[in-house]
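> Listed here are the chains, written in short residue letters.
Number of protein chains: 4
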Amino acid sequence: MDFATPSHVYDLEQPRYFGAPVFPSHAPGFVYSLHRRHEQGVSEVRTSASGFVYMAEHSGTHIDALCHQAEEMRLYGGQEVNPQIQTPAGFTVLGVETIPPLIARGVLLDVAHYRAVERIEAGSPVTRGDLEATAQAEGMAIGGGDIVLVRTGNGAIWHDAMAYLRAGGINADASSWLASLRVRAVGADNIAWDEVGVVDPDLKVSLPGHLILLVRHGIYIIENLNLEELARNRCYEFTFICLPLKMRGATGSPVRPVALVPVHD
Amino acid sequence: MDFATPSHVYDLEQPRYFGAPVFPSHAPGFVYSLHRRHEQGVSEVRTSASGFVYMAEHSGTHIDALCHQAEEMRLYGGQEVNPQIQTPAGFTVLGVETIPPLIARGVLLDVAHYRAVERIEAGSPVTRGDLEATAQAEGMAIGGGDIVLVRTGNGAIWHDAMAYLRAGGINADASSWLASLRVRAVGADNIAWDEVGVVDPDLKVSLPGHLILLVRHGIYIIENLNLEELARNRCYEFTFICLPLKMRGATGSPVRPVALVPVHD
Amino acid sequence: MDFATPSHVYDLEQPRYFGAPVFPSHAPGFVYSLHRRHEQGVSEVRTSASGFVYMAEHSGTHIDALCHQAEEMRLYGGQEVNPQIQTPAGFTVLGVETIPPLIARGVLLDVAHYRAVERIEAGSPVTRGDLEATAQAEGMAIGGGDIVLVRTGNGAIWHDAMAYLRAGGINADASSWLASLRVRAVGADNIAWDEVGVVDPDLKVSLPGHLILLVRHGIYIIENLNLEELARNRCYEFTFICLPLKMRGATGSPVRPVALVPVHD
Amino acid sequence: MDFATPSHVYDLEQPRYFGAPVFPSHAPGFVYSLHRRHEQGVSEVRTSASGFVYMAEHSGTHIDALCHQAEEMRLYGGQEVNPQIQTPAGFTVLGVETIPPLIARGVLLDVAHYRAVERIEAGSPVTRGDLEATAQAEGMAIGGGDIVLVRTGNGAIWHDAMAYLRAGGINADASSWLASLRVRAVGADNIAWDEVGVVDPDLKVSLPGHLILLVRHGIYIIENLNLEELARNRCYEFTFICLPLKMRGATGSPVRPVALVPVHD
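Protein chains in written order, with our numbering: chain A, 45 to 309; chain B, 45 to 309; chain C, 45 to 309; chain D, 45 to 309.
Okay, chain A solo, but in the shape it has when bound (with noise of 0.2 Å):
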């Protein structure tokens, strides 16, 4: 049987709650209610609580499905936008109910680390020469199919909602390096893998990571990670599993992660 050998599993989630740092697009984020509540003088001694989520599928730690972006109308594969395709519920196209369980080998590039700050902040973005040192220095090599993630650190500051939002992110250049390695996804621990309010220069284009990994390369991004405790213990290779919801024609769900490690590495 698989699993054989014991893992330690980290748990890549940052939690959820009204509050947590959203991108304002999304706001207001993530709302949970209880109506349903255990009360006594009801019929039966076993009582039921439960609620209602009101929640933007990109708010808290989440997956970008292919849908999510365009450039000049066009989605990932060239399937132009149109009402059939864009609809008052979602797409029939690259909706997020088409992204497979996601197991894969990952890899931490950890570019706060290889600075030596402890977070990076807006104003100095990660560059491809960052990721290629970091990767450089961990001994790591990245391949076709595999999930890479980026830690700037802020994934500390995940409950002060201000600061959070003034991180750091990856630039275009950064961006067009991962794709051509081919990987499969790629994660932060920032609200937008990009660097928030940013045009880049060339493309012309605000969050052009996105454009150049979801829309020209079909990779997914994944936002918000918690990349703490796996920087902390210097695992840079592990197992990455995702899970996206099937919200048939979502542009995103929200995801918990996870990496595993094996005890004897």
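Keep in mind the hints are simulated off the structure, nothing from the lab. Any given hint could turn out to be false.
[Stated by the list, open to error] Just the calculated beta-carbon pair ranges, DEER-fashion:
(1) A:A207 - D:V307: 49 to 59 Å
(2) C:A166 - D:M184: 48 to 58 Å
(3) C:P50 - B:A166: 38 to 48 Å
(4) B:Q84 - C:A71: 24 to 34 Å
(5) D:S69 - A:A166: 32 to 42 Å
(6) D:M184 - C:H308: 28 to 38 Å
(7) B:G85 - C:H308: 28 to 38 Å
(8) D:S69 - A:A205: 15 to 25 Å
(9) B:A166 - A:T136: 28 to 38 Å
(10) B:L225 - A:P59: 30 to 40 Å
[What the hints assert, rightly or not] Stretch-level coverage of chain A by chain B, calculated; a stretch enters the list once three of its residues show a Cβ under 8 Å from a Cβ in chain B:
(11) 56-69
(12) 141-154
(13) 249-259
(14) 286-295
Virtual Cβ for every residue (Gly too), placed ideally from N, Cα, C.
Keeping the supplied structure of chain A fixed, place chains B, C and D upon it in accordance with the hints.
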């Protein structure tokens, strides 16, 4: 590295969409609306689309947390429900965020197959005898910490909401037996594990399995699984992975569990 | 002081609850959940209870704003729909907040009574001839600025969602006639003013009244009224008051219109 | 016909939008998203746009129903709160649907003007003495069945959510005095009628006005009014109209109250 043995990945989640079967208490179930659209005439060639989800955490394939059920106002472990614990924003103890990533040995008890029926309907509940006989016929032993999935065959009619809700369930005796084996969690391909609307004559409650498993034994219940492919391939033993979202205070979480089976077994 | 003459107040709003009739595009309609509860064991003797509403603005008794409909991508007044006007958070022109409080002379055309039927069902739409004859029989003249309410009798079966949706509607010719009289708004006791699913042979659109009234003439439409009491008391002329909520950018608003009739008339 | 005297209509509702001031218990307040869009490339020249609202019934300008508050678990009239009355879908007694259309004589007590301040801030609550003196200065008598609106001047800063929440409120003694006059309802241009966060030393509760008015006297409270125009025009007496939505079981309703003043008074 782990996962050296190639595995086939079985996706056990039913698709999520408005109109899918839902237990009446959790209506309207799942609603997704796309309010941010790719459109022309905006400033950049890169466009974004995204939406909002409104859903019961107990809709679609989901896991019940331990706070979901109480017996005489006491949760698993004896904690009495009070306003400090049961709040408008959810529970401060035993919320779904306290469920760790579940990665364990999984066992499928294909009771529908054992009974040689296409699906088990209301009125002929799954008994302890059914489970024991099925396990024996499959040559499966159940050990402590395992996750046991029971197939009624109703996962095949997820598209027919009315019929799906008339699925048969697992009776109290069967739930007790599984509890005695100290399983970690159970799951089934029906709306509520138990048969809906049937009051157990001894416990004098409806959904007795919920009382026995969640409240008395701290065993999670996963509902609305799709076990058809696993059953078709006669996969009765696998690595089961289920990663509930850490929605703070919630009584459950939508999940996309998977079963991993080594290619050569 | 105004209102010196005592008036009987007719409440024209249907009750709102989950499960009430709703036009399919606006499902699930109206959902209310109470997550804040009065409970004991808290710090004060004063307790609060409140909840959350999730609803389509076009559910229950409601008024359509002028941005709700377009003809060849142009709104009333010729404004072309574009991304600056039609945004994820609603419209920047002609949103429901631009509807002033409506206080005007109201006229009830009880067509069901004129036809001597309990209710008008799909297949026998209300025509211009029906409206003219009903007005004449009632001795009612319709002037510019008036608000005309048409009774089909279906308000009496609001509780029967399936049957209610099969109500008859008002045809294009009748809508055009009302538009020619320069009414301020119209309303009916059915789901969509027009008969659902019928394409007008001349305009080649479904819901032609919406095109004629909202887009071409800037006349508001109020749907799902309850006109039973007004009709029972043969009140064909009254002061009509309707106060749409200023939900910025929305395409309509739930309303509770009333009709005031002096006690001695 | 009534309304023969032309009237000026004062709109007393504040605009609704995401980000408007909201009492913390009711966050995120009001959210509107437009998921159905006018778009080209569909079958008809007529297109529709509409959305979904997610809101607390106590957001924006709204009225509190009698079930909203309790004293020692008893509602107005002595009804004890129990699970048959207080349900996940709202209250089965005293829900907002039991509030009839409110059409009554309205009186504005412009206390800010009386005190010669731009607005009344937290720390200097409106007292009984303030109300009596203001009424006298305005030459206004208050009778049974009247609806009394108190101006603190904070309606002018609705756009500044932080500052707005620091508004002054009406103290318990003032609320008691209004109750003794047997008014039908009261309203103010602040977030909660009472001053937020202040515990009344005698009643030992916060928001004592809520206890006195709603629970002990069955007097409705309307919050977040905009009284600026009324005040500017020194209109202290008018016909007040408020039409709460019949949201079954809800603890309040958004409203757009108006004040009608005859043009020649």
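> State for each hint whether it applies.
Outcome of the hint check:
no. : hint                        : verdict
1   : A:A207 - D:V307: 49 to 59 Å : holds, 56 Å
2   : C:A166 - D:M184: 48 to 58 Å : holds, 55 Å
3   : C:P50 - B:A166: 38 to 48 Å  : violated, 59 Å
4   : B:Q84 - C:A71: 24 to 34 Å   : holds, 29 Å
5   : D:S69 - A:A166: 32 to 42 Å  : holds, 34 Å
6   : D:M184 - C:H308: 28 to 38 Å : holds, 29 Å
7   : B:G85 - C:H308: 28 to 38 Å  : violated, 59 Å
8   : D:S69 - A:A205: 15 to 25 Å  : holds, 20 Å
9   : B:A166 - A:T136: 28 to 38 Å : holds, 35 Å
10  : B:L225 - A:P59: 30 to 40 Å  : holds, 32 Å
11  : 56-69                       : holds (count 7)
12  : 141-154                     : holds (count 5)
13  : 249-259                     : holds (count 7)
14  : 286-295                     : holds (count 9)
Of the numbered hints stated above, those contradicted by the structure are hints 3 and 7, listed in ascending order.
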